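S.K.: Residue-level listing of the chains:
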Amino acid sequence: MRITFKYCGSCNPEIDLAQIGHSLQAQVQQQGWQLITLDADAEVDVMVLLCGCPRACIDKEDQRHQAEQVVLVAGKRLGWLPLKESALPQAVIEAIQGYNRS
Amino acid sequence: MMNGWQYQESLKELKPRVYYLGQQIEDVVDHPATAPHVNAAAKIYDMANDPVYEELCTAVSHLTGQKINRFTHIHQSTDDLTSKVKMLRTIGQQTASCFQRCVGFDALNAIYQITYELDQAKDTSYHRRFLDYLKMVQEKDLMPSGSMTDPKGDRSLSPGEQADPDLYLHIVEKRADGIVVRGAKAHITGSVNSHEHLVMPTTALKEGEEDYAVCFAVPVDAPGVLHIFGRQTNDDRKCASCAIDAGNFEFGMVGGEALVVFEDVFVPWERVFLCGEVDFAYPLVERFATFHRQNYGGCKAGLGDVLIGATASVADVNGTGRAAHIRDKIAEMIYLNETLYCGSIACSSQGFKTPSGAYYPDPLLANITKLNATRSIYETARLSQDIAGGLLATLPSEEDMKDPMLGKYVEKYFKSVADVPTEHRIRLLRLIEAMTCGTAMVESMHGAGSPQAMRIMVQRQANLEQKKRLARKLAGIS
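For the protein sequence lines, the chains are A and B, in the order given.
Numbers 2 to 103, taken from the numbering used here, label the letters of the first sequence in order.
Numbers 215 to 692, taken from the numbering used here, label the letters of the second sequence in order.
One thing to keep in mind: the hints can contain errors.
Mimicking SDA-like on lysine to any residue, the simulated pairs with C-alpha atoms at most 20 Å apart in a straight line are [stated by the list, open to error]: (1) B:420 <-> B:464; (2) B:567 <-> A:40; (3) A:85 <-> B:368; (4) A:61 <-> B:680.
Partner residues aside, some chain A positions facing chain B, computed with beta carbon under 10 Å [as the list claims (entries may be wrong)]: (5) 22; (6) 57; (7) 60; (8) 84; (9) 99.
The calculated label-pair distances, taken between Cβ atoms and stated as ranges, are [what the hints assert, rightly or not]: (10) A:80 <-> B:686: 26 to 34 Å; (11) B:593 <-> A:42: 27 to 35 Å; (12) A:40 <-> B:656: 53 to 61 Å; (13) B:436 <-> A:98: 51 to 59 Å; (14) A:69 <-> B:436: 21 to 29 Å; (15) A:80 <-> B:454: 25 to 33 Å.
In case anyone wonders, no lab produced these hints; they're calculated from the structure.
This structure is a prediction, so every number in the text was calculated from the model and none was measured.
Idealized CB from N, CA, C, for every residue including glycine.
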């Protein structure tokens, strides 16, 4: 699995995106997945959009086309499911595992 | 879509029970107490049919593809949220008063989103019911009230703990064909000249308070519904002989609020959109409150445009328009007014898509917008009164102005610059009086919730811990 993270910029966040990113990075490595940098030629299986609030500024169609699957963190939500901040990293990993199985 | 005249005719077909000063009002369209508020709402219907305003005042229904009045639209984008604010400002400029229809508009959008999320969570069918209702509202171009605030009784007690259970509207009976509700909703804007009441809970509820978790729609003339129309500052000026003294005779002040009493009112199931789900009561309150707080930099900025214009005109009439301190104060009024507008535009542009697909303004910024309104509108009014002068409080009456014996003294001694009729000066001052003295100001404070309600939501929405982390990092604290 080739995973990439894309951050929104975190201008007025509900959550600590940097900390969630660090946590996710460690868990991605534990899973044996490949964390790659997003560039024009990159082949990406799952892109994790890390947005600090529900505005989800980077959740755009052209962005989504760069990966097979997208997991959206939008403040204290995974997709539109409200979650505690502390539960977000694990929920993201489980979402990626779900794509991996399918 | 209806036009203003058709809206007024549609009200005449209803028979709501409306009381004012101990008397029943038979026709809200023609009664002097209620007519200005009907006129203000009718203005919306006319503007939607006017090519100059149709871009803002109409939308395309996502349900039917038909052109509809924007006040019945479900926001499909941040552009829709922004257009709403621009529309409100434009109508505010034309009425200088509350035109009322935004409350039901916000209720429609909040209920749309919450019923969808409720159905997803609990496998209920409220959203389908609500879609049927919404289609009917859009097709008939109806004006529902947004009825949220309960009388609340003892504020230290929750709904289920009140000595009188009716102090929060609640279900008293569930039947095979529907529910029966009892209680009241307080200071409901536009309620006597709406077609329908859209009723929502007013606060967070807990287990054991299921009867209070109720959302529904009824016609304003449903059996058991009655309205006690509120008094306003100077409401005895709402008469044909007081057209100048009223200040804004055509459109009045604020929204013509009333206490709406529900005395064992039957609601069929197809009009029930929440029934006992206490965990969805507060989300509905919060959703509606955010939509409604989004508005205050729209409509109030429109009113501010009129107030600034009236104040600058009075300064010209007084001969002080070119004085540096007056120009500075006018600039301050413009700054305050546009800052208020910025808030509404910002929370709209930063809005986002919810699970139903409908859009929602940024709740933190929307609450900040309304909190600003509770201060800046007072400051704008203070500056207006400063410039206008003490005549605001001491002008003689219109009757004296028109009196054969007294009129010449009013004309002579209230004259200012030579080429402006005294009556024009008085008309401008009366408009400022109507907009800055009394009821209109209180609406800026408490409409869409009192300031503390916004502060609570601001505390919930703002990430204080993140701000602490930023400070600690820069202060060198690990």
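S.K.: Which hint numbers does the structure go against, in order from smallest to largest?
M.R.: 1, 2, 3, 4, 5, 8, 9, 11, 14, 15
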